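With chain B fixed as given, assemble chains G and Z onto it according to the hints.
Chains as they are written, first to last, in this note's numbering: chain B, 1 to 120; chain G, 1001 to 1151; chain Z, 2001 to 2340.
Think of the hints as simulated: they come from the structure by calculation, not from any bench.
Since the structure is predicted, the reported quantities are computational estimates derived from the model, not experimental observations.
Among the hints, a few may not be true.
The calculated DSS-like cross-link candidates involving lysine-lysine, where the alpha carbons are at most 27 Å apart (straight line), are [as the list claims (entries may be wrong)]:
| no. | chain 1 | residue 1 | chain 2 | residue 2 |
| --- | --- | --- | --- | --- |
| 1 | G | K1016 | G | K1075 |
| 2 | Z | K2068 | Z | K2028 |
| 3 | Z | K2028 | Z | K2156 |
| 4 | Z | K2245 | Z | K2156 |
| 5 | G | K1120 | Z | K2048 |
| 6 | Z | K2048 | B | K117 |
| 7 | Z | K2156 | G | K1075 |
| 8 | Z | K2156 | G | K1016 |
| 9 | G | K1075 | B | K117 |
| 10 | Z | K2156 | B | K117 |
| 11 | Z | K2028 | B | K117 |
| 12 | G | K1075 | Z | K2027 |
| 13 | Z | K2048 | Z | K2027 |
| 14 | G | K1075 | B | K27 |
| 15 | Z | K2027 | B | K117 |
| 16 | B | K27 | Z | K2156 |
| 17 | G | K1075 | Z | K2048 |
| 18 | G | K1016 | B | K27 |
| 19 | G | K1120 | B | K117 |
| 20 | Z | K2028 | Z | K2048 |
| 21 | G | K1120 | Z | K2156 |
| 22 | Z | K2027 | Z | K2068 |
| 23 | Z | K2156 | Z | K2027 |
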Amino acid sequence: MTASFLIAFVVGGLICVIGQLLFDVAKLSPGHTLCLLVVSGAVLDGFGLYEPLIDFAGAGATIPITSFGNSLTHGALQEAEKHGLVGVITGMFEVTSSGISAAILFGFIASLLFRSKGRP
Amino acid sequence: MDRQAYSQLEQQITPKPPLAVNLVKAFVTGGIICAIGQGIMYFYMYFFDFTERTAGNPTVATMIFIAMLLTGFGKYKRIAQFGGAGSAVPVTGFGNAMISAAIEHRTEGYVLGVGGNMFKLAGSVIVFGVFSAFIVALIKTILVKFGVVGW
Amino acid sequence: MVARGVIRFGSRPTIRAAAVAAGPAEKKNSPFSSQFDRLYDSELCGQKTNEQAHRQLIEDACDLALNKAEKTISDADYLVCGDLVNEMTPSNFAAASTGLPYVGLFSACATSTSALAYAALLTEAGAASLVLAGAASQHSAIERQFRYPIEYGFKKPENAQWTVTAAGIAAVTPHEQGYPSISQATVGRVVDYGLTDPLNMGAAMAPAAFDTFRRHLEAAGTEPEDYDVIITGDLGAIGTELFRKMATEAGYSVEEDRWRDAGKEFYGGDPAFFAGASGAGCSAAVYFSDVYNRMMEGEYRRALLMATGALLSPLTFQQGESIPCTCHAVELVMGEGENR
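Chain B extracted, bound-state conformation:
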């Protein structure tokens, strides 16, 4: 169990290092960086490579935003397997609705509870 924490730490940390390289070396904005990582996750799942990474690293692979791209592709492929091409469109959010719904929900709640603070 300790090993799984360590693996999650290292793999998750490394994905963030890629993000930091995109910030500092490729000079991409946060928006561009995150989009690129999401697209990478989606493409990796197309090659069937992201799921093995999740099996190996657990939260180290599911917490970074790349996992969002992976889940979208994964849902689309699952449905495509059952229903053919139509499934590509209908299955997209089959696996991954929790991130978006949680963000919308907590975003709304936060707008009720909090004000922004302009301090450093």
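Quick look at chains G and Z alone, frame taken from chain B:
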């Protein structure tokens, strides 16, 4: 001083981001966030009826809940100033993008402000995620149909 | 006409009084805070929104400047000011509550000096006996418009600058003995050296500062040594160094103590504020407190104020345009300097 000479001088004087330090900070911050995620995942597996596969969803939701608290109390931006991509790349960063926009635009009302601006920053991630997933899944489905690859 | 874009004020309009209202980070972190006239403990200044707080600061600075000049709002003829928020609404609303004839000026962070020059013209033309002139900014209102929501986690680089929460207003009158008076102004050209990084404004603005600096000195027939202080607006640490390098290369001798920058000094060099302060209120707050006070005390007899402004919008930045910049200069003289 002409433009070219100035641009050279500017690049000399503007401090370069300390790459090694930034990478280490991103690694540690991102690693810690993922390790916390791992802990929450175990929590859902041992105390509730989730499997390793299904525990991902409540974990993500919980992480975003934590991001809400940190964002609301003004701590997330401090973590980000230290961690850079380490706090932007995990799903908590996605949550922070949506939550911070929601808080910021509260003054324009719940419908036009909060509702209309929540996806201002995070929306592009969803758009590109969905579009790339569509293309990837489409190509793969066609390839499978033609028997080039298997599922 | 002295030279293109240069105005010499024969009547020597006077800054009869000046006042500054500022926010909590300025109260806590600025070495100038003891010279500010009103300090708020909340970024919202008792208002509901950041934009209302912004407006409140302008109204406060107007009131305070009038009080210090021992005048009332009915003595004032014009309000000339500006800010950075959409269509300068904070200034517009503040103007509505003062009820004064109002000219909104957009020169981005260079508005403190463009407003002074405009006010001096009104007085010189005999069109006004008292003009309130100045500029303001409010951190959260500006940041959310030009960058990201305040609570968005984003690592700012060392060369970023911190938008100040402050308003500075000067009460400009026809010439009076014993107060700093405006002898010359140079209207800045818009200079674009092709820089595109909105988190490195100082570097984008330094060439504009240097352009105005050279034009002002050439028209006035002066050398940098003739001034007790040459103070730029918000070049910050990076921009200041670039400005000095440009001046050195052109053969001017730079004197560390006399060549100041309001943005670089604003937060006392605290790295939490990166390369220093920016915002329309930055130069206004320092010019209308520290610089004004030192002139009144006789420490500065001749001062060159050069507020710099980056004339970009979030739209032009996202469309990949470069950052056009400007710098307006105003020369102040005191005492013997008056009879030059």
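For each hint, the structure was consulted:
| no. | hint | verdict |
| --- | --- | --- |
| 1 | K1016(G) - K1075(G) | holds, 26 Å |
| 2 | K2068(Z) - K2028(Z) | holds, 24 Å |
| 3 | K2028(Z) - K2156(Z) | holds, 21 Å |
| 4 | K2245(Z) - K2156(Z) | holds, 25 Å |
| 5 | K1120(G) - K2048(Z) | holds, 23 Å |
| 6 | K2048(Z) - K117(B) | holds, 13 Å |
| 7 | K2156(Z) - K1075(G) | holds, 15 Å |
| 8 | K2156(Z) - K1016(G) | holds, 12 Å |
| 9 | K1075(G) - K117(B) | holds, 10 Å |
| 10 | K2156(Z) - K117(B) | holds, 17 Å |
| 11 | K2028(Z) - K117(B) | holds, 15 Å |
| 12 | K1075(G) - K2027(Z) | holds, 22 Å |
| 13 | K2048(Z) - K2027(Z) | holds, 20 Å |
| 14 | K1075(G) - K27(B) | holds, 25 Å |
| 15 | K2027(Z) - K117(B) | holds, 16 Å |
| 16 | K27(B) - K2156(Z) | holds, 13 Å |
| 17 | K1075(G) - K2048(Z) | holds, 22 Å |
| 18 | K1016(G) - K27(B) | holds, 11 Å |
| 19 | K1120(G) - K117(B) | holds, 19 Å |
| 20 | K2028(Z) - K2048(Z) | holds, 22 Å |
| 21 | K1120(G) - K2156(Z) | holds, 20 Å |
| 22 | K2027(Z) - K2068(Z) | holds, 20 Å |
| 23 | K2156(Z) - K2027(Z) | holds, 23 Å |
Of the numbered hints listed earlier, not one is contradicted by the structure.
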